[in-house]
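Given the structure of chain A, go ahead and fit chain B onto it with the hints provided.
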Amino acid sequence: LAGPASPPGLAPPGWRVPVDCVRANELCAGEPGCSSRYRTLRQCLAGRDRNTMLANKECQAAREVLQGSALYDCRCKRGMRKELQCLQIYWSIHLGLAEGEEFYEASPYEPATSRLSDIFRLASIFSGMDPATTSRSNQCLDAAKACNLNDNCKRLRSGYISTCSRELSAAEPCSRRKCHKALRQFFDRVPSEFSFRLLFCSCKDPACAERRRQTIVPSCSYEDKERPNCLDLRDACRADHLCRSRLADFHTNCQATFQSPTSCPGDNFQACLGSYAGLIGFDITPNYVDASTTSITISPWCSCKGSGNMEEECEKFLRDFTENPCLRNAIQAFGNGTDVSVAP
Amino acid sequence: ALGLYFPRKEYLENVYIDEPAGTPLLHIHALKDSREEGAHFHLCQNRIISRARSHENNWFQIKENTGLLYLSKSLDREDFNMLSVGNWMPLSKVMLYVFLSSHPFQEKECDSATRTAVFLSLINATAPACSSLTARQLCFTEMDLSFHIKENKPPGTFHQLQLPSVHHLCQNLSISYKLLAAEGVPFRYNESNTSVRVTQHLDREERERYELIAKCTVREGLREMQVEVPFLVNVLDEDDSPPFLPNGTDSADAVVEFNRKEGTVLSTLTVYDADTTPIYPLESSRRKYTGTIITDDPWISEMFRVEHIFDEIHFSPNGSQVRGTRHEYKLVLNKSISVTEHRSFQLDVLVNDTEFQGPERSVMLHFNVSILPVSIQFSNITYQFTVNRNAERFAQIGKICIENCMKFRGVNITYKLLSPNASCYPVSILQGREDKYGSLYVNDSSALRRPECKEIQYTVQATDKQSRKHTKTLLTVVLEGTLLKKEEDCPDSCAISKHRAECEECGGLGVLTGRCQWRQGSGKGITTNYSTCTPSIKTCPDGICDVVEGRDPAVCPQDCTSGNIIGGHGKGIGNLGIKSGHGICYCFPRQNCYCEKDDVKEQLCDDVCKTVI
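Protein sequence lines correspond, in order, to chains A and B. Start counting the first sequence at 26; every next residue gets the next number (the working numbering). Start counting the second sequence at 209; every next residue gets the next number (the working numbering).
One chain only, chain A, in its complex shape (with noise of 0.2 angstroms):
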């Protein structure tokens, strides 16, 4: 494949591939103007005062010679190799700009391009039905029976049952670290046809519904003794470059727009499955609340609880998963093997 070839709709004319921040940084690298001034920003950009850093003389030469190098287009790709030390560069260029004034920060990571019906060819080949026509039967177990015929699936997803529900002591009953670690190699490494049937598979009644809550083993990833404030739990997740990415992309592809039918920014389901998906193994790690058959109401594990003036701000982050259109949208159409019809 040359490149992702952009869907109708979504990539404005003349954007082009940008290159990875790796690949950037080894650029500049190479010209003594550009590395200098890299470090110069990177100095600028360490203190804790962004205003006085704008206003210092130094910093913005810096930045407007930079401007102008692949640093300041460059993305990351999922799972891809030094894929933490990409997104340490693009952060900290990234950084001083508006940290802390965005309530949605803009992804790090390239866009998705694939569209679910990809998934749909691919995933009919591999189970020799018609995901539309089984709607009768548990789909979360033909998921299952599914990953178990794939080595691969099938390794990683025993490789992180195991560790999620192996019981340290009688006051741990888990490592929620390496369970975290061992949802993130799963997610990442396993093709979506396999990973996405399991996570997202409809339901009709409350046992496959069950079973489709049980995907990440919650007890040990998802729960905990207590449920921190959703403000607190974002900020613990901003302090990690990783988190903040994968929280970045998911407010980039999942938030709802009245100005698309499906409430999905570019009509793009499967950019939002795959930056929801994204999110499992992290302190914000998301899962459906019940095993109900008729609404679907997914959370990460917090609440607006002692927000105090805030409360608006948590309500409003914590509505992008429990009453966000386009997610619902997303999973439901995947569930019923239905996708936007993308123009020609």
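Source of the hints: derived by calculation from the structure; they are not laboratory data. Heads up, a few of these hints could be off.
[Stated by the list, open to error] In silico EDC-like pairs for lysine to aspartate or glutamate, Cα to Cα no more than 20 angstroms straight-line:
#1 Lys82/A to Glu317/B
#2 Lys330/A to Glu446/B
#3 Lys779/B to Glu197/A
#4 Lys706/B to Asp806/B
#5 Lys250/A to Glu520/B
#6 Lys615/B to Glu642/B
#7 Lys217/B to Glu340/A
#8 Lys240/B to Asp447/B
#9 Lys330/A to Asp345/A
#10 Lys301/B to Asp226/B
#11 Lys787/B to Glu192/A
#12 Lys677/B to Glu465/B
#13 Lys358/B to Glu337/A
#14 Lys330/A to Asp519/B
#15 Lys330/A to Glu416/B
#16 Lys250/A to Glu536/B
#17 Lys341/A to Glu416/B
#18 Lys217/B to Glu359/B
#19 Lys538/B to Glu251/A
#20 Lys250/A to Glu515/B
#21 Lys358/B to Glu340/A
#22 Lys281/B to Glu221/B
#23 Lys217/B to Glu337/A
#24 Lys82/A to Glu264/B
#25 Lys706/B to Glu804/B
#26 Lys330/A to Glu491/B
#27 Lys341/A to Asp352/B
#28 Lys706/B to Glu696/B
#29 Lys301/B to Glu135/A
#30 Lys358/B to Glu338/A
Coordinates of chain B only, in the frame set by chain A:
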């Protein structure tokens, strides 16, 4: 200038290509701290931030006195491409900051002034014709009509319903607004300039949320369209309520007796406050609401501490619910207290709402602390145990425990046997790291078999580690039973036997009467009640690898194994032992365990089978 603030967190508007200079974009309002204040708006760092870049702002300006943001220069396609570089989403957003001051702006104030972010969506098209816009687009922006107003502040205008850009563009349309509200809400809509005003100072402790409806009517010739959207006002809290005690309770008893461990919560007192206390960020809220032990006794400040937790509760002052805070102050042992300590005193804790401006900002809590001594002694009886002469090494005979020992926490009692003067010495005592009791077990089974050993007297001593206090009692071990003949070919571990018959005819390490015991399970799926062969059903398997079983892996691998378990099973706590198994579980000590269903009940080959062969 600190009293001025924006009633919205951020602002949003669309900008189209080639809109003429002078086009008004949006109105920004500010609310005041005092009536005399004026509001001045300014774009301090005259920069626009788009994606990762910042650009010189050549296009947008704000009227210092009215807060009207407008286009000072038309944005052409070239400008648009420059500002949306690196953006792939259908909408390019740029951001700029608007600053606020109470007097005409001087550049040096920019660092300290309050600011808000304005987001402008750059639309890659020229402004649409008014006829192509829906009523929703003509009346409201995509942003929710949601505002926050601080309590206890003077009234003022905080919003204008009419969209300046639409009003400018579509002058031949008649767009009018109405604000639908219940009787008596403190907001007024002014039809002449479509502005909304808060008419009096608000009190969050009375009501913290107002839900109104903004209604918009668009008339175009004879056609009339209407849109309604929610109009929400949240009242922001400030610390204007003092702490108070529920039911006036300001004292509680705190008794230290058997539980003397560091970290024990002795007692809790509660303080309410009608103000909210954010748990985010947690530490700063803790610092704002302090609880301090008032004492000049160094011993008290060393032995006790106060822990403060708080959570949100609801008050209903007049039908509507408002949030408040419950603070809990817990008196906690800072160190384990010695068993000999005996005193009582009143411990005072001063709770201080540091941000409340008023005389009643603090309350005093009183804990009536009594520290009772506990005695280290055995109950009046002497111990007597009978041991079968056929018992094997590691057979568990009984437990030794001083009075109330199971209630103790933070008291370390160690048990030991003072050796008898006889040559018979078959039993020993062992104690696990966390155990409050001593386990008496057979240590030398050959002494049991010797006929001269019949009744052995021991002295048991229990010692408290911290105070070195100790106590003694007598222990008699009576040997009984006649020696059984040992079966040939028996394994040394009961757990190896897979069938009831071979289990019950053999002995093994840990058996009490010379024979292993068979536990018959329920046989349904993977169960904690699996079938297995054990030295004593009372202690093995019970899900706990106790200190005696832990001495030798052959005693009770069902509780203690860390090796592989083959077949359907669930592991025990800390990956030790078989918590649940399928069918019969048996183990080869230091090797694998197996759990399997014993299906082969009938003979392998019956008469019919033989004839076929």
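Does glutamate 536/B sit within 20 angstroms of lysine 250/A, going by the straight-line distance between their CA atoms?
holds (19 angstroms)
Is the straight-line distance between the alpha-carbon of lysine 358/B and that of glutamate 340/A 20 angstroms or less?
Satisfied, since the Cα-Cα distance of roughly 19 angstroms is no more than 20 angstroms.
Hinted pair lysine 281/B and glutamate 221/B, Cα distance within 20 angstroms:
Holds, because 17 angstroms separates the two Cα atoms, which is no more than 20 angstroms.
Quickly compare the C-alpha distance for lysine 706/B and glutamate 804/B to 20 angstroms and report which way the hint goes.
Answer holds: lysine 706/B to glutamate 804/B is near 10 angstroms, not above 20 angstroms.
Is the hinted pair lysine 330/A and glutamate 416/B satisfied, with a Cα-Cα distance of at most 20 angstroms?
holds (15 angstroms)
Lysine 358/B paired with glutamate 338/A [C-alpha distance capped at 20 angstroms]
holds (16 angstroms)
Taken at face value, is the distance from the CA of aspartate 519/B to the CA of lysine 330/A at most 20 angstroms?
holds (8 angstroms)
What's the verdict on lysine 217/B and glutamate 340/A, does the C-alpha distance respect the 20 angstroms limit or exceed it?
OK: lysine 217/B and glutamate 340/A at ~14 angstroms, within 20 angstroms.
Quickly compare the C-alpha distance for lysine 706/B and aspartate 806/B to 20 angstroms and report which way the hint goes.
holds (9 angstroms)
Taking only the CA atoms, is the gap from lysine 250/A to glutamate 520/B under or equal to 20 angstroms?
holds (17 angstroms)
Keeping to a limit of 20 angstroms between CA atoms, is the pair of lysine 615/B and glutamate 642/B held or broken?
holds (13 angstroms)
Tell me if the straight-line CA distance from lysine 82/A to glutamate 317/B falls inside 20 angstroms.
holds (18 angstroms)
In summary, this structure violates none of the numbered hints.
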